[in-house]
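Visitor: If you read the protein sequences in the order shown, they are chains H and U. In this text, residue positions in the first sequence follow our numbering: the first is 1, and each later residue adds one. In this text, residue positions in the second sequence follow our numbering: the first is 1, and each later residue adds one.
Hints listed in this document are in silico derivations from the structure and should not be mistaken for laboratory results. If you're wondering where the values come from, they're calculated on a predicted model, not measured in any experiment. One or more of the hints may lead you astray.
To spell it out: a stretch of chain U is covered by chain H in this simulated footprint if at least three of its residues, at any positions, have a beta carbon under 8 Å from a beta carbon of chain H; those stretches are [claimed, not checked]:
#	segment
1	28-39
2	87-95
3	219-233
Not everything, but these chain H residues come out facing chain U in the computed CB check (under 8 Å) [said to hold, decoys possible]:
#	residue
4	Phe75
5	Pro122
6	Ala137
7	Ala286
Using 25 Å as the maximum straight-line C-alpha spacing, the simulated DMTMM-like pairs for lysine to aspartate or glutamate come out as follows [as the list claims (entries may be wrong)]:
#	chain 1	residue 1	chain 2	residue 2
8	H	Lys147	U	Glu212
9	U	Lys264	H	Asp256
10	U	Lys264	H	Glu152
11	U	Lys84	U	Glu174
12	U	Lys279	U	Asp33
13	H	Lys165	H	Glu95
14	U	Lys88	U	Asp33
15	H	Lys45	H	Glu296
16	U	Lys118	H	Asp256
17	U	Lys88	H	Asp212
The beta-carbon is built from N, C-alpha and C at its ideal position, and this holds for glycine as well.
So the chains spell out like this:
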Amino acid sequence: MSAAEEVVAEGNEAVEAVPKRAMTLGTGTSLVVLLLLVVVPLFAKNFVIFQLTQLLYLGLAVLALNILTGGSGQFSLGQSAFYAIGAYITAVMMEVFNIPYFLCLPVAGVVCFGAGFLFGQPALRLSGVYLALATFALATAMPQLLKLNFLEKWTGGVQGLVVTKPDAPFSLPMSQDMWLYYFTLVVVLVIYICSVNLLRSRSGRAFMAIRDNEIAASAMGINVALYKTLAFGVSAAITGVAGGLSAIAVQFVAPDSFTITLAIQLFLGMVVGGVGWLPGSIVGAAFIIFVPNIAEGISKGLSGAVFGVLLFLVIYLVPHGARQVAILGQQLAGRLRKN
Amino acid sequence: MELFTNQVLAGIATGAIYACMALAVVMIYQAIDHLNFAQGEMAMFSTFISWQLMQWGMPYWGAFVITLIMSFIGGIAIERILFKPLAKAPVLTNVAGFIALFAIINSSAGLIWDFTIKQYPTPFGSSPFLGSQLISTHQAGMIGVTVLLLLGLYFFFQYTRIGLAMRAAASVPESARLVGINTSWMIALGWGMASAIGSIAGMLIAPVVFLEPNMMGGVLIYGFAAAVLGGLTSPFGAVVGGFLVGIFENLAGTYIPGVGNELKLPIALALIISVLVVKPAGLFGRHIVKRV
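Given these sequences and hints, build the entire structure.
Guide: The following block contains the structure:
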């Protein structure tokens, strides 16, 4: 069974309760979530705001992976590489060339699109475990590449690079953290809306046709190679923007922040959130940010083990992640309403 | 010329380790069609067990044998408890499961034995081998043990009933089941053997890279590279791939300017990708024809 077929098999099981199109929240729920995201930071401490920012940009990175896997049926353990490229491009442009941060992000996106598109070329011939392997190797190799000597005058080598946090423009009465939060929120919202529309567009349907049955899709006249690499490119571009946002928020980039661990976290975020269900990305991001913290609280050094055990519980009990929980919730609500 | 011979010999020695890892990866891949991303961590944990036994005063070979048995049982237990329920699950779920296992083992090893780097003894000593300056006795021992292991596996798969049953269960599960082979237990057996083979790789490489919870990270990548190079469906290919990757790694580090030690992992990446692009089934793998 190829990866594509398997994703489909998974899709079919998941979709019994809800139509396949339901990859977003309803309008009402979306507005409530948005309202919460806008209002909560006004009453929160700076550290909480920072964590919320983290939630947003990691959610964006998980979303990018979700477009690749849920959309086109390919998957990647190498997202940390594109994340790193985005973060480094943003950091180097801001610090070495003094370019304003909001101009760096699109550049990061475009460069990562190129990188993803190129990586997608060899990846075209791979599926399932082979693709996992190639991307796994990419993620492992990336920190080494960032440490290269001849890049050192820009990247700072092993030391990394410190990034200055931007002030709020137009002398708005906002702390730097809060400004960055709202800036991130806007970027994430725009990309989220674009992604939803992308998946509903002609290209998105081509992605899904390839995911469902590659051979049938090509028989229908879909340029499979083009759309598969395109999916890789789009996913890499969004991941790159997320990486850029992270560089600004964390104010620091170093090769060892972008190891395979990060790639694995993003992958887990997608699994926990539910493959192909875009709002799940934020749930997944919350899982990968807060669970290790809580585990660390239970016992220091145990965080990995707790993380692993929880993950096993998720894949046994709710194999379709947060989406399944949401569906169960809906059904329950429906039943209550009937009574 | 001496530098060249030296590098090739050293490459064969580390290649022996990659061959063991690749073999372990292929054993599980054959059985369940998934790559075990936690293979390296399982090997690391086994190595720690043998270290602990030696700390308690057991002689090297005693600890070696007990570790093999414990790894074998451990491998079977992991399959029975964690992965049997996932047998019909999609690729994605399985990858998540392997990653969870990776995190659990890595973190528990750190918790039990902490993250400090430990010396690990070699049973062969580290003096020059047979008076030659080219390889040390430990490197020679690494090659020797790997070759013995290979011969053992060859005889097991070719000349024993259970080896034949395992091959049958891996290649055509349905037919194997019809002739009365318990395929489910063959898979568990494959896991046990993979775990034991991995532990041998761990115990042989530990004197070189030192013992610590993250020691197998790089080795596993090379093991994957070797398995892909040789073909994921061929144990023989995995071994040849292991030796080739070892030699290639050393020669590239010596002769390609600017590669050095830092770029060795990216080389493994480049190798994996180029093999997959040029010959996706690997050197000795068989092509699988897909049906709609």
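Visitor: Look at each hint and say if it fits the structure.
Guide: So, going through the hints one by one against the coordinates:
Only when three residues or more bring their CB closer than 8 Å to a CB of chain H does the claim for the segment 28-39 of chain U stand; here the count is 5, and the claim holds. With a cut-off of 8 Å between beta carbons, the segment 87-95 of chain U has 6 residues touching chain H; three or more are needed, and the interface restraint holds. A stretch counts as covered by a chain when three or more of its residues have a beta carbon under 8 Å from one of that chain; for the segment 219-233 of chain U and chain H the count is 5, and the coverage holds. A cut of 8 Å between beta carbons decides the hint on Phe75 (chain H): the least distance to chain U is about 6 Å, and the hint holds.
Given the 8 Å rule on beta carbons, the hint for Pro122 (chain H) holds: about 5 Å separates it from the nearest Cβ of chain U. Because the closest C-beta pair between Ala137 (chain H) and chain U is about 4 Å apart, less than 8 Å, the hint holds. Annotation: interface hint on Ala286 (chain H) violated; nearest CB of chain U at approximately 17 Å, more than 8 Å. Restraint check: the Cα-Cα separation between Lys147 (chain H) and Glu212 (chain U) comes to about 23 Å, which is no more than 25 Å; the hinted pair holds.
Between the alpha carbons of Lys264 (chain U) and Asp256 (chain H) the distance comes to roughly 17 Å, so the proposed pair stays at or under 25 Å and holds. The straight-line distance between the Cα atoms of Lys264 (chain U) and Glu152 (chain H) is roughly 18 Å, inside the 25 Å bound, and the hint therefore holds. Of the supplied pair hints, the one linking Lys84 (chain U) and Glu174 (chain U) holds, its CA atoms being roughly 17 Å apart against a limit of 25 Å. For a cut-off of 25 Å, the pair hint linking Lys279 (chain U) to Asp33 (chain U) stands: about 19 Å separates their Cα positions.
For the suggested pair Lys165 (chain H) and Glu95 (chain H), the alpha carbons sit about 11 Å apart, so the restraint of at most 25 Å is met. Between Lys88 (chain U) and Asp33 (chain U) the alpha-carbon distance is near 11 Å, which keeps this suggested pair within the 25 Å criterion. With a CA separation close to 22 Å, the supplied pair Lys45 (chain H) and Glu296 (chain H) stays within the 25 Å bound. The hinted pair formed by Lys118 (chain U) and Asp256 (chain H) meets the criterion: a straight-line CA distance of about 23 Å does not exceed 25 Å.
A threshold of 25 Å between alpha carbons decides the hint, and for Lys88 (chain U) with Asp212 (chain H) the separation of about 18 Å falls inside it, so the pair holds.
Checked against the numbered hints above, the structure violates only hint 7.
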